[in-house]
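> Residue strings, one per chain:
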Amino acid sequence: MSAASEWRPRRGLLFYRPRPGIGDYMVAVLMLVVAVASAFPLVWMVLSSLKTPAETMQVPPVWLPASPSLEAFEKVSGVINVGRSMLNSAVIATITTTGIIVTSLMAGYAFAKHRFRGRNALFALMIATMFLPPIVTLIPLYRMIGTIGLDGNLAGVILPNLANAFGIFLMRQFISGVPDDLIDAARMDGASEMRILFVIVAPLVTPAVAALALFAFVYHWNSYLWPLTVLQGNADQYPIVISLSRLLSYNRGAMNTNLVMAGATLAVLPPLVLFVFLQRFFVDSIVSSGVKG
Amino acid sequence: MLTPAVSLIGAFIVVPMVLTVWLSLQDWSTQTGFQTAKFVGFDNFREIFGATSVGRDFKGALVNTALYTLMSVALILPVSVGLGLLVYQRNVAGGNALRTILFSTYMVPMIAVALVWSKLYSPSEGPINQMLGWLGVGPQPWLSSPSTALVSIVFLNVWQQVGYFTVLVVAGLTQIPTSLYEAATIDGANGRQQFTAITLPLLKRTLLFSAVIAIINAVQVFEPVALITQGGPVGSTNVLTYHIRRVGIERAQGGLGSAMAVTLMLSLIVVIFALFAFARKGDDE
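Residue numbers (this note's numbering), protein chains in the order written: chain A, 1 to 293; chain B, 1 to 285.
Warning: the hint list may mix true and false statements.
[What the hints assert, rightly or not] Just so you have them, the derived chain A footprint on chain B, three or more residues with Cβ under 8 Å:
#, region
1, 18-32
2, 61-68
3, 89-100
4, 115-129
5, 177-186
6, 239-246
7, 254-261
Calculated directly from the structure, the hints in this document are not laboratory data.
C-beta atoms are modelled at their ideal positions from N, C-alpha and C, and glycine is treated no differently.
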């Protein structure tokens with residue numbers, strides 16, 4: 001017993017225990033099955049984008065392209081303007097993300113460190129908006145954007161999303177942990193509140209800001225319903241996710257699956273690459289915001 | 001400090017929210033300014049719950065959305081607990097790698113998920129029926145039959161989102177003191193007893209939060225319907241987000257669409273309050 005309690009997990013190639021039992025092997029197999037099932041659709045997407053049109057139509061399906069070709073990626077540009085669509089997506093996601101970070105830092109700081117009447121009620125109202133499905137406000141919002149002349153325009157896509165409750169919540173959580181002494185000392189030195197926030201507080205919550213930036217960027221890169229509604233008909237403003245749907249309707253019924261898959265691969269890459277590099281921030285912030293939420 | 005965020009959220013969420021409620025009592029075309037709205041009392045609600053085709057379509061969408069939400073939550077909760085245990089366990093290496101793979105699907109645009117799965121589901125050229133065939137299961141119609149289309153969309157959504165909920169469960173598991181398990185082991189409790197007596201009760205808060213998020217996500221399903229099924233076959237995948245947008249934006253029936261949106265919001269409030277009441281009742285026992 002004493003030997004067992006002092007035993008510390010030594011990381012083997014696969015098992016932590018010195019002598020794995022049958023249960024451990026079952027767990028290992030289960031993990032492998034889950035990982036394969038989870039990755040399979042994206043692997044299939046990439047494989048299909050490298051197939052010939054005929055191969056994508058074969059029955060039973062062929063899994064590996066006989067001679068992988070990038071032809072589909074070249075042909076996508078003939079149907080939709082890939083460069084312009086990617087640029088539109090990047091513009092929407094980047095400006096929206098920047099706006100969200102600035103407005104969330106400011107409001108998060110005020111809610112965490114300023115005392116004022118009605119603070120809790122206002123915070124509760126902001127948080128309540130987090131649980132509102134966008135469809136509930138879609139119809140009047142669409143009319144409002146039309147009234148100020150921003151329909152069919154990237155600005156109309158961006159403007160309503162420059163602040164959100166999740167960002168405020170996340171920033172307040174993390175800024176609450178910054179010691180008051182630090183802020184008071186800066187005030188004594190005559191620093192303005194904006195200066196305190198952006199020069200002293202913000203650098204201390206960098207991991208949370210990074211997480212928020214990634215969440216916001218991925219969310220707005222992927223978002224479909226709102227841009228589709230605001231931009232309807234104005235194809236050169238389309239972000240890549242909307243251009244993709246035009247790939248599907250192009251030559252419907254003909255053999256263009258490899259084309260659709262190539263387009264999907266292009267749209268998936270930016271958020272996935274961001275995630276792979278910065279996943280640690282994503283997971284940490286979900287853990288700290290989700291559980292306490 | 002508060003001005004930018006509060007005015008943006010006020011102007012683009014709170015004001016439209018109030019307008020939605022107001023418009024639900026008006027006869028109004030989305031093509032025209034708000035000043036053209038004409039007060040009609042509860043006529044819009046009578047119509048969307050009435051016996052005409054408007055009422056039939058809306059009630060169909062309401063039922064489809066309820067079914068869809070129920071199936072999503074019923075799958076996501078147990079699957080995310082199972083996957084969470086798999087990621088959290090410390091007998092076999094690779095838990096964190098598995099978490100990364102599971103969570104990565106959450107980064108994929110829904111539109112790409114819908115496109116890829118529509119091909120995976122393809123009855124003849126799709127790999128899913130091919131693999132079922134290897135297991136001796138006959139080909140399924142998936143998205144092309146009214147009886148299986150909705151559940152097919154549930155599956156692709158669960159595939160996309162379950163990684164997020166798994167991360168929530170893992171976070172919940174790390175909060176459970178290991179001393180509880182040690183004590184239970186000394187008392188001779190087996191794995192299953194430890195799961196039902198310790199793990200599940202202490203995951204309750206996490207699961208409640210997960211359920212709320214899963215419900216709110218489920219009513220937002222749009223891309224697979226808009227892109228692949230257009231609500232069909234035979235209206236079987238006509239869900240609320242798709243239907244409200246079609247009525248309120250495409251057909252420009254802003255009053256009717258707003259009444260539908262208000263109904264959706266009230267239903268959500270009722271369901272979420274019921275969920276909390278149910279959880280609290282469990283606490284008292």
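> If a hint holds in the structure, say so; if it doesn't, say that too.
Each hint tested on the structure:
1. A stretch counts as covered by a chain when three or more of its residues have a beta carbon under 8 Å from one of that chain; for the region 18-32 of chain B and chain A the count is 4, and the coverage holds.
2. Only residues whose C-beta sits within less than 8 Å of a C-beta in chain A count toward coverage, and the region 61-68 of chain B has 0 of them, not enough to reach three; the restraint is violated.
3. Against chain A, the region 89-100 of chain B contributes 11 residues with a C-beta closer than 8 Å to a partner C-beta. That satisfies the three-residue criterion, and the hint holds.
4. For the region 115-129 of chain B, the assignment as covered by chain A holds, since 9 residues bring a beta-carbon within under 8 Å of that chain's beta-carbons and 3 suffice.
5. Counting residues of the region 177-186 of chain B whose CB lies closer than 8 Å to any CB of chain A gives 0, so the stated coverage by that chain is violated, three being the minimum.
6. Taking a C-beta to C-beta cut-off of 8 Å, the region 239-246 of chain B contributes 4 residues in contact with chain A, enough for the three needed, and the coverage statement holds.
7. Counting residues of the region 254-261 of chain B whose CB lies closer than 8 Å to any CB of chain A gives 4, which reaches the minimum of 3, so the coverage claim holds.
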